[in-house]
Amino acid sequence: MIRVVLPAQLRKLARVDGEVVLEVRGEVTQRAVLDALEARYPMLRGTIRDHVTQRRRAFVRYFACGQDLSHDAADTRLPDAVAGGAEPFMIVGAIAGG
Amino acid sequence: MSGVRVLVGTRKGGFVLSSDGKRGRWDVKGPFFAGWEIYHMKGSPADPDRLYASQSSSWFGQIIQRSDDGGMTWHQPGTPPGQPMTTPEGFPKGESNKFVYDTSPETGKPLTTHQWYDGTPHPWEFKRVWHLEPSLNDPDTVYAGVEDAALFRTTDGGRTWHELAGLRGHGTGEKWAPGAGGLCLHTILLDPSNSGRMYTAISSAGAFRTDDGGKSWKPITKGLHSLYIPDPTAEIGHCVHRIAMHPSRPNVLFMQKHWDVMRSDDAGGNWHEVSGNLPTDFGFVIDVHAHEPETIYVVPIKSDSEHFPPDGKLRVYRSRTGGNEWEPLTKGLPQSDCYVNVLRDAMAVDSLDPCGVYFGTTGGQVYASANGGDGWAPIVRDLPAVLSVEVQTLP
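Listed in order, the protein sequences are those of chains A and B. Basically the numbering used here = 1-based index in the first sequence + 21. Basically the numbering used here = 1-based index in the second sequence + 51.
Everything hinted at is true.
DEER-style ranges, computed between Cβ atoms: (1) B/71 with A/80: 42 to 50 Å; (2) B/171 with A/73: 21 to 29 Å; (3) B/171 with A/116: 28 to 36 Å; (4) B/73 with A/76: 50 to 58 Å; (5) B/262 with A/98: 52 to 60 Å.
It should be emphasised that the hints constitute simulated quantities derived from the structure, not laboratory data. Even for Gly, the Cβ is constructed at its ideal location relative to N, Cα and C.
My request is simple: use the sequences and hints to build the entire structure.
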C-alpha cells in the first residue's frame, strides 16, 4: 500500500479528499507510483508528467521522508518507509504567488 | 420566455450567469474549477446545454472540461463520474488534455520550430488552450486554438484532440514569433454559409483562412500596416488581437489589431482601416451587433504599454456605419478612476431584441447592456480578472 499526497488542485481534479492509497506491484519507484496513480485517476495524466516525454513538470516536486526526490531518476527505488506505507509520497506544487 | 446564459472565464475559476429575457436579475453560479485559470468557456450552437471549458495552470498544464447540463456539472471528457475510468481493454480513458503537435511529414514542413524573440528557431511547446470553438452543427466537434499557436479539433466530444497541421505547415510557420503574451491562436471563426471556410488569428503571426475545412491555409493580411515589424506590410508578423464576423454576412470581417481597427469586405482578401474618430485605435475586443451587421463595438485602450482606458474613463465605442464614425457609450460605465482592461475574448452579444452586449474587465466586473449599448450596468462585480465572456441565447 502506497500513500500519495496530492496538491489541492489535483485533489479537486481527481475528486478525492485527503491521501490517495494505491497498490503498486513490484519495485516501488517514482515511475511505478505515478503509473499507478494515473491508471487509477486518468484525469491526472499530463498534469504531473508531460504526456509525451514523461518528464516531471517544471513547477512540480516530489518529497518523501523529509527528502527532495525530484531530481532522482524515475526508476530509483523509493524509501522503504514509502514502500511500506509508513510515510506518504508527496507531490507538491512550487510555492508562488498569483 | 427566452433566457440568456453568460459564461465567464477568469484567472481563478469559471462562472455561469443566467437571466430571463428581461436581463434585469442575474443568478451567479461558480466558481467552477476554483483556483484554476479558465481561459475560455463556450457552448455548442447545436446543443446549448453542451459546454466546453479550457482550464489551465502554470503548474499542472491544460485540462478540457465539459458540461452536458448547461454548466451545472462538469467532467473531463473520457472520464465521466460514475463510469469506469478504463476501457474494456484496460486502457485509461482520460485523454482530454492531450494536445500533441503533429510532426508527420505528409502534413507539411516546417512543423518543428518557430521563431523565438531573438529570431532564433525555437521548438513548438504546447502550453494552453486559449479558445474553444464548437462546431455549428455537431456538439461533439470542437476546434481549439492553442499556445504555441496551432489549431486542434476533437470529433468525440473533447476526449481526443488532433491537430489540423496544415495551418502551421502551410509555409510561413517557421517565421511566426510570439508577442509579449505568447504565440497564441485566439480567434476561430466558422463561416455558417460555407462549411469548408474558417478563419484563425494568431498573436503575433497574423490572420489565416482555409476554404477546405482546414487542410490548406493562406495568410489574409493584405492591407494591414504594422510599424512595429521590420516590413510594415509583410504577410506575417501582424499582431492581430481579434476578428469578428456577422453570421448573416460572413464575407465582411472586422479586426482589432495592435493599433488599428480594420475591415475587410472580401473574406479577408483585402483590409482597410476604419479607426476614424476613435480616441485610440489600440484595443483587444471587437464584436458585431446581433441584428445590425454594420453596428460594431470596440473598447479603446490607451496604448500598448498602458492597457487601460484613456483618462480613466471606461467607454465602449459603437459604430453604426461599419467603422470610421464612432460614438462613445458611457451611460452606466465608470467615467473616472477606472484603469481596467478588456481582454480579447471578453466581449459577446446575445441575439435577443434589443440586442444585449456584454464585456468583462480585468477588474472583475461583467457589464451588460440590454439595449445595444445605450445603457450599461454591472451584472456581477469583484470576480477575479475576467479572461473571456461568451453568451448563449436560450429558447
